[in-house]
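Add chain B to chain A, keeping to what the hints say.
From first to last, the protein sequence lines stand for chains A and B. Quick note, the first sequence lines up with residues 9 to 586 if you use the numbering used here. Quick note, the second sequence lines up with residues 1473 to 1636 if you use the numbering used here.
Below, simulated BS3-like cross-link-like pairs (lysine-lysine); rule was C-alpha separation at most 25 Å, straight line:
id	chain 1	residue 1	chain 2	residue 2
1	A	K94	A	K63
2	A	K543	A	K454
3	A	K493	B	K1502
4	A	K493	A	K297
5	B	K1499	A	K493
Since the hints were made in silico from the structure, they are not lab data.
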Amino acid sequence: MEMINIKINNISLQVPAGITVLEAAKYGKIEIPTLCYLKDLCAPGACRICIVEVKGNRTLAAACVFPVHDGMEVFTNTPVLRESRKQTLELLVSDHNRECLSCAKSTDCELQRLCVEYGVVEDTFKGIMRETTIDDASPSLIRANAKCILCRRCIAACKDQQSVSVISADRRGFVTQVECAFGDSLNDAPCVYCGQCIVVCPTAALMEKDDTQKVWDAIADPSKKVFVYAAPSIRVTIGESFGMPIGSNVTGKLAAALNRLGFDGVFDMNLTADLTIMEEAHELLDRVKNKGVLPLITSCSPGWVKFCENYFPEFTENLSSCKSPQQMFGAVLKTFWAEKEGIDPNNIFVVSVIPCTAKKFELLRDDEAAAGLPDVDAAITTRELARMIKQSAIDFVNLEDETFDNPFESGSGAGQIFGASGGVMEAALRTASHWLDKSFDVVEFKEVRGPKNIKFATYNVGGIEIRVAATSGLANARELLEMVKSGEVDLHFIEVMACKGGCINGGGQPFLPDSIRNNVDVVALRSKAIYDTAKDLPVRKSYEHPDIKMLYKEFFGEPGSHKAHEALHTTYIKRGQF
Amino acid sequence: MTASTTLAFKGTKEQEQKLKDVIVQHKSQKGALMPVLQEAQEIYGYMPREVQIMVAEGMGVTLAEVYGIVTFYSQFHLQPKGKYKVHICIGTACYVKGAGKILEKFERELGIKDGECTSDGKFSVDGLRCVGACGLAPVLSVNEDVYGKVTEDQVAEILANYKD
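Pulled out of the complex, with its shape left as it was, chain A reads as follows (with noise of 0.2 Å):
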């Protein structure tokens, strides 16, 4: 690699050519602030917020966008650029809707920060406020452009990582929107829910549908049973929300600020996916050895799945008919165990916690409602529980660990491992392998598991050649499936994500600050700590565990039983993207 001497604030540097300045000033540890620019995302270059005056230029230089050369020598805080700055977000909010003291993102947002950091005066430019509109149609998003500055990470995110596009920037200067074609709702538009767009936004210009109200209403209602069950991921994100290092496993303190909230079951949703393995598990060799529609592709992520439907409809019978963990635990609560306790269906509200925006699409669809009722009737973010927990006044970080309610009360540690790319993938082979031999005895697959965009794998088991791969992000499940189309490759099974990582980088996941996601590897950390939690279970395989074995037992028979059938799995739409 060809390195160059540049220096930056009078500090001497050694920097690869055809690096940017931002990522030059990383060499020094010097910090330059941005706005539009998300590492891994976009540089649009367009906010003007990480200008640098370049010695010898003319004009203030947009780091994030401007390469080093060498002999360079760049400034990066100086009165010019500080003034500049400030003038630029002063003119920002001039047009922006400035209810920050309501705002959902308050204290999250990257355009606050940067204002309260360079002491805007809100009101220095009075002018007219663009027309903007309020999308809220959709199960999952909400989209207010009047908090909107335009940065356009939300497009990258939707076009480059996940493929869809279905957001652009239309018409021009002044009266320029973010939005679906023809001012559509993201509700009529082929959008997938994902979320990612909430994730990559500095502001609150996209927002999930707050369901908390739901789920304290439900409380509130002594005629009704709430249950709560959390995803697999929740328990290694959640503590952000708090202030809690990134990676924290908070299993226990979760179970208590459940118990706290006043839900009357609180539940782990790791057994359900684990129940997902079985079904999906025995539907995998069903389909290798009867020569069922191959490669069978996993439905755990309703935004892949509604991705499957909208833009790859021929697939859609390739797709696990298995409901997903979600949907399965809201069948077999309002099925087997409103049969046991003896409880009206109708009178259980099941609350599902997710990392996921989809999710709240997910239970909504068609063919999810194992009682003649919707599995789940609300289905709130990691964010939404967060919020519910700071509006309880509960010291979450200083709580005292508590566990899950009996029966429920945990999964394996291949349920565990759902929340991470590669996940559902490796729980499955460790059910599919022991069927079928019996003495294969390997627990981690790790072929299917890391950063990489396409993970492929082949594994020999009982005689028979099982080849898989597994993805996530869109953009690379559309790469995979095109391989798969072309008969590049041969697969048996495949499992995919919608949001890069997994679920651990879910649309619901907590919001970070620019700051810490432009230096540390998120995804990395929370994927660790994933591993790390499911590693320490004490039962690391789906079949083994005891509560999988009992509702068997008791309730649905055997996997792929008619029972299990009507309960635990759902049907699919080839919807189009027209």
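This is chain B only, laid out in the frame that chain A set:
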């Protein structure tokens, strides 16, 4: 803001085939979307949703990507143009001479907004930037006919020239 098309789409099979041919011809080129959009507008005269969907489907891009481009460039029209295209200059010189008032008068007379077309397909009204005839300000044209130093009172009279 929703920029909807007010008139029902009346594309023909021939037009559709023509557009398909254009797409086949350009698809493998780099940066082909723009010429395809231009030709699509040539074929249909404007870019309603139906045409944008055909382009998006044919070119393997999303409707949002097509719409973003179509609304960025003022040469693309979301609304059809009338048999008689009223073009009113609202450049600086015409504007200070009252072109804004004349545009409003046309809008009132025809019951449509700037950029729209009457439901019978007869008239469309567009405000244009400077047409370079400032000596005639305020100036407007109806198809090939040019009218200079127009006053509000003349608007009904001008429209009456185009009966059929």
